[in-house]
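Quick mapping for you: the protein sequence lines, in order, are chains A and B. Take 1 as the starting number for the first sequence in our numbering and just add one per residue. Take 1 as the starting number for the second sequence in our numbering and just add one per residue.
Don't take each hint at face value.
Stated by the list, open to error - The calculated DMTMM-like cross-link candidates involving lysine to aspartate or glutamate, where the alpha carbons are at most 25 Å apart (straight line), are:
hint : chain 1 : residue 1 : chain 2 : residue 2
1    : B       : Lys51     : B       : Glu94
2    : A       : Lys315    : B       : Glu165
3    : A       : Lys253    : B       : Glu94
Hints were generated in silico from the structure; no laboratory data involved.
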Amino acid sequence: MSGPVKKDGNRKPRYPITDFERIFHPRRVAIVGVSAEEGSTGFGSGIFQAIKAIGFAGEICPVNPRGGRIAGLTIYQRVLDIPGQVDFAIIAVAAQHVPGVLEDCLKKGIAGAEILSSGFSELGTAEGKDLERQIKDIAAKGIRVIGPNCFGIYCPASGLTLLPGPDLSRESGPVAFLAQSGGMAIDLAHTGKWLGIRFSKMVSFGNGADLREAELLRYLADDPETQVISMYMEGIRDGGDFFREIKAAASKKPVIVYKGGLSRAGRRTVASHTASMGGSSAIWQSVLKQAGAIQVHDSEELTQVTLAFAMLPKKSFKSISIIGGGGAIGVAACDIAETYGIDIPPLSPDIQSRIGNFLPKPGSSAINPIDVANPYVAPQALKEILLGAAQDERIELQIIVSLLFHYQAIARLFQKPVAEITPYRELAQAVRDVVDQTGKPVVAVLPNAKRGLDDMDITELIALTRQEYIHRGIPVFDELHDAIRAVARVNAYYEGKKT
Amino acid sequence: MKNDKAIRLIDRALRQGRKTLSEYESKQVLAAYGLPVTREVLINDRDHLEKTVQKIGFPLVMKGCSADIAHKTEKGLIHVDIRNITEAKKAFREIMAGLAGFEGGVLMQQMISGRRELVMGLTRDAQFGPCVMFGLGGIFTEILRDVIFRHAPLEPRDALAMMQEIKGHKILDAVRGMEEADKEILADMLITIGDIGLDIEAIEEIDLNPVIISGTKPFVVDALIVLNSN
Numbered sequence: 001m002s003g004p005v006k007k008d009g010n011r012k013p014r015y016p017i018t019d020f021e022r023i024f025h026p027r028r029v030a031i032v033g034v035s036a037e038e039g040s041t042g043f044g045s046g047i048f049q050a051i052k053a054i055g056f057a058g059e060i061c062p063v064n065p066r067g068g069r070i071a072g073l074t075i076y077q078r079v080l081d082i083p084g085q086v087d088f089a090i091i092a093v094a095a096q097h098v099p100g101v102l103e104d105c106l107k108k109g110i111a112g113a114e115i116l117s118s119g120f121s122e123l124g125t126a127e128g129k130d131l132e133r134q135i136k137d138i139a140a141k142g143i144r145v146i147g148p149n150c151f152g153i154y155c156p157a158s159g160l161t162l163l164p165g166p167d168l169s170r171e172s173g174p175v176a177f178l179a180q181s182g183g184m185a186i187d188l189a190h191t192g193k194w195l196g197i198r199f200s201k202m203v204s205f206g207n208g209a210d211l212r213e214a215e216l217l218r219y220l221a222d223d224p225e226t227q228v229i230s231m232y233m234e235g236i237r238d239g240g241d242f243f244r245e246i247k248a249a250a251s252k253k254p255v256i257v258y259k260g261g262l263s264r265a266g267r268r269t270v271a272s273h274t275a276s277m278g279g280s281s282a283i284w285q286s287v288l289k290q291a292g293a294i295q296v297h298d299s300e301e302l303t304q305v306t307l308a309f310a311m312l313p314k315k316s317f318k319s320i321s322i323i324g325g326g327g328a329i330g331v332a333a334c335d336i337a338e339t340y341g342i343d344i345p346p347l348s349p350d351i352q353s354r355i356g357n358f359l360p361k362p363g364s365s366a367i368n369p370i371d372v373a374n375p376y377v378a379p380q381a382l383k384e385i386l387l388g389a390a391q392d393e394r395i396e397l398q399i400i401v402s403l404l405f406h407y408q409a410i411a412r413l414f415q416k417p418v419a420e421i422t423p424y425r426e427l428a429q430a431v432r433d434v435v436d437q438t439g440k441p442v443v444a445v446l447p448n449a450k451r452g453l454d455d456m457d458i459t460e461l462i463a464l465t466r467q468e469y470i471h472r473g474i475p476v477f478d479e480l481h482d483a484i485r486a487v488a489r490v491n492a493y494y495e496g497k498k499t
Numbered sequence: 001m002k003n004d005k006a007i008r009l010i011d012r013a014l015r016q017g018r019k020t021l022s023e024y025e026s027k028q029v030l031a032a033y034g035l036p037v038t039r040e041v042l043i044n045d046r047d048h049l050e051k052t053v054q055k056i057g058f059p060l061v062m063k064g065c066s067a068d069i070a071h072k073t074e075k076g077l078i079h080v081d082i083r084n085i086t087e088a089k090k091a092f093r094e095i096m097a098g099l100a101g102f103e104g105g106v107l108m109q110q111m112i113s114g115r116r117e118l119v120m121g122l123t124r125d126a127q128f129g130p131c132v133m134f135g136l137g138g139i140f141t142e143i144l145r146d147v148i149f150r151h152a153p154l155e156p157r158d159a160l161a162m163m164q165e166i167k168g169h170k171i172l173d174a175v176r177g178m179e180e181a182d183k184e185i186l187a188d189m190l191i192t193i194g195d196i197g198l199d200i201e202a203i204e205e206i207d208l209n210p211v212i213i214s215g216t217k218p219f220v221v222d223a224l225i226v227l228n229s230n
C-alpha cells in the first residue's frame, strides 16, 4: 500500500451475466449422486425423490458413475453423457468429487448448479477450504453456484424444492426468501404452507461460495415474480456491496431482515467511545434502518411480518379498530398499540350508537376497542359491527379477535363435534364481505388457550378457520400482539418511504 | 487538496509508530476538513504564554496535550475558566509538572460555554467499513448510550435522521431558554466525518466528545483520532 490514503470512491461490483431464468425455471435438471439402489438415503436420492414427489415440471436426468436405472430413467455415468441441453444441476456427491462434477457441468453449458454436499470451508480445515476455492475458480469461468453446504432452491412455479421438501406448496406467491441456513429456509417453507405465505422463490445458499446475498438481492429487486423479500443473515461477504443492494432493493419493495448472531459486545479492543458504542448490534440496526429495510428479531417475527407484508395493501395503517370479546382485551390492545405507535381512536358517538344495536347487553362496549362481551356473537352481527366501525373515516384497518375455543363448551353440552357447531366459515365470509364493502383490510386473530391433548378438536377448529380465512385473503395471527407488531412493521416501511 | 495537511500529520504519527493523534493534531485534521474546532495554540515555552493568551482571549482552557495521555481529567491536566494571566501562569506550571516524562505541551484554547454536549464519531466496522456516530455527549455518552450510527457516505437525509432518532433528540430544539441548535451545521459535520473515514483508511476511529452547542453553533471541544496499524 502507498501511504495511509485510499480513495474508496463509488466502486460498484460487476456481477457476471447470469441466466436466472434457467436456474429457477429449468427445463432439464441433472441430479448428480442419485443411487440406483432401492431405499437409498443419500442426499442425491433424497432430492431426486423430493423433486419427483413435488411434481417438477421439466425433465430429470439422474447421474451416477455406476450408471443403472431408477424409476424408469436411465442413470447417466457423467453429466457430459446427457444428450441435449441441460439448464441446471443438483450436486450431491462427496466433497472431493464436487470440483470434477462442476467442471463437467461447466463444459456442458449448464447455467447454474446447487451443491448440497458439505465438507468445505465450514469444516475449517485446509482441505475443505481448498475444495471451496476450486469451486469458486470453476464458477468464475462461467457457471453460477448455489452452496455448497446448502439445501438449495425452492421455486413453486417450476417445482424445484429444498432438500427434504417433497411436500412443499406448488402455489406461487409474492415472497422471496434468502438464507445461508437451509434449516431456516425449510422451516419457513413449511410454516408458510399453513400460514398462507406463498413464495416466488427461496434460496438457501449455505457457504455462499459464489451466488449470495448482495447479488441475489439485486436480482430479486427487479424480479417481477417477487413483491416482498425476506431474509435471514448470519455473515455477509462485503458490507459495502450488501448495503448498496439492500438499499436499492428496499426502495422498490419491502425487505425484511432477521440478522442472527448479534452480540452486544464488540470483539476487538477499542480506544474510542465511538467504537465501544458500536458493536455489531448497534451498527446492524443502524445500517438496516438507513437502507430502509425492516429488521425483525427472531424467526417468529420474521414469519409474522412477512405474512403481513404479503397479504396487506401496500400502505401504512396508523389508526385501527379492534373488535373482540372478553374482558382484558381492550386494555391489552391499547397498551400494545401504544408501544408500536398505532392509534385506537374512540369511534364517533353516532357510530358507537349504531354499533350498539348489534352488541349483547350488558357488559359490551362500542367505544374502540369494541368489546362484544361474549364469544358467541353471530357472524352476521360481527359483520354489522365491522361495517359500522369502518364508517369512521379515521379507521384504516380493523382487527377481529375471535376466542373460538369457547365453542367447545357448547359442543360438549350438545355432544357434537366443535367444528360442526362453530360458524367459522360464516365468520370468514362475513369478514371478507366487510373488506369488499369497505375497502379497508381486516386482520384476524385466533388465540387458542386450549392446546393440550384433551383439546385436539380445538387445534383442528383453529386450523380449519385459518384455512377459510386464508382462502379469502385474510391474514391470520395467533395473538393480538403479533398482529399489531406486524402492522407496525408494515407502517415503518411505508412511512419510511415517504421521507 | 483539503486533506493534504491531514495526511501529513497522520503520516508523521505513523512513522513515529504511534496509534493515536494528540488532541491538538486531531483537531488540525478535523479543521482541515472544515469542522468547527476551538481556536487553540500549542505551546511548550513559558515565554510564549502571554502572547498566546492575548491571541485566544479570556476565559480560556489549558490542557496538557500528549498523544500518550488519554484521560486528562484524572491526571489534573485540565484547567478551565482561566480568567487572568496569574491563573494562566499557575496552570502552565502545574500542567508542565504533570506532563513530566511524556512528550507534549500545553494546549491553550478558547473556552466554549454551553449546556448541551453532544458526541460525534467514526468507527470502522469489520463488515460495513466507516460508520458515523451521533448522540448525547460528555458524561452521558457512556451512561445513557443514546447514540445512533450510519454507514458512510451519508446523505443529508441520513444525517438529519440521526439527529431525529436519538432518544434525547429534543435537546437540539429550543428548550429551557436555549435556542434551537443549528442542524444544518450539525448535519454537515456528520457528513464530513463520514467522508474523512472514506478518504483516509489509516484512521480507525474518531471521537469528537464533547461537541458543545454555544448559542446555536456547535464547536468541537475535545477530539481523539485513533490510527490503525496497517
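Okay, the hints, checked on the actual structure:
no., hint, verdict
1, B:Lys51 x B:Glu94, "19 Å, holds"
2, A:Lys315 x B:Glu165, "22 Å, holds"
3, A:Lys253 x B:Glu94, "63 Å, violated"
Hint violations for this structure: number 3 only, all remaining hints satisfied.
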